[in-house]
Amino acid sequence: MAKVAGRNPVYELLNGPRRVHRLMIHYEAEGEIIEEITSRAKEDDIPVERTTAREIDDLAELDNHQGVLALAEDIDNKNPETVLQAVRNGGDMPRFLLLDQIQDPQNFGALIRTARAAGFQAVIYPGDRSCSITPAVVKASAGAIEYTAMCQVTNLNRTMEMLKEEAVWLFGAEPEGNTLYYEADLTGALGIVIGSEGSGLRRLVRENCDFLLGVPVSKYPGSLNASAAAAVVIYEAVRQSRLNLD
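Residue numbers are given in numbering that gives the first Met the number 0: position 110 of the sequence shown equals residue 109, and the series is strictly consecutive.
Hint data in this document are derived by calculation from the structure and do not stem from the laboratory. For clarity, every value in this text was computed on a predicted model and none was experimentally measured. In this text, a Cβ means the ideal position worked out from N, Cα and C, and glycines have one as well. Be careful, since some hints might not be right.
[As the list claims (entries may be wrong)] Distance ranges between label pairs, derived from CB positions:
#1 Ser240 <-> Arg21: 23 to 31 Å
#2 Ser131 <-> Gly187: 26 to 34 Å
#3 Leu223 <-> Tyr26: 39 to 47 Å
Let the hints inform the model, and build the full structure from the sequences given.
Here you go:
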């Protein structure tokens, strides 16, 4: 059973496709969003328990739960090829974010949030040596994870090869990429590939990219973290495509 903590993440959870089994809300928590959460729970016959911070602390697995915790079904792991075909069948341009061994929950959640905000349909990541979908990741995504196809794969390189066979261009973000991110053509079907916080893209992942995109930075601090670099490249793709994000 998955745990979703925080006011906005729980609110988005209640409006998303996942089944919610139970809500726990601190007995002193109040405000408009708390009223909306409890009202929606009542509409869906979801049990709501007013309780103490300690009880929520014991279950939430993170400190900043804001007095709200939901117990829900796990996020469904999607098949990237199935998602790709569904996107194309719907008449949309495939836009995927691929993550190569991101290990920090805050970065992972922020990357999901940026991808969803920019209209990307899926986040693809390996099961090995990567952060899993924890309560901290869900909270950092601010609810965006509820509307994003999450694709955990056994072999990221094999998935990249499948995407290339399906005419999806892969752009890896690298500090020393041979193409500046704003000089690349990011208007077609694409996957943006982001490496781990410490070592960047692994060798085979880097070699599987069609282009390596550089993001200029000053000498100090000398680099951007994974979520910041991804945001720069993702929104360049949005700018070039003049995407309607309504």
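Please flag the earlier hints that this structure goes against, numbers listed from lowest up.
-> Of the numbered hints given earlier, the structure breaks just one, which is hint 1.
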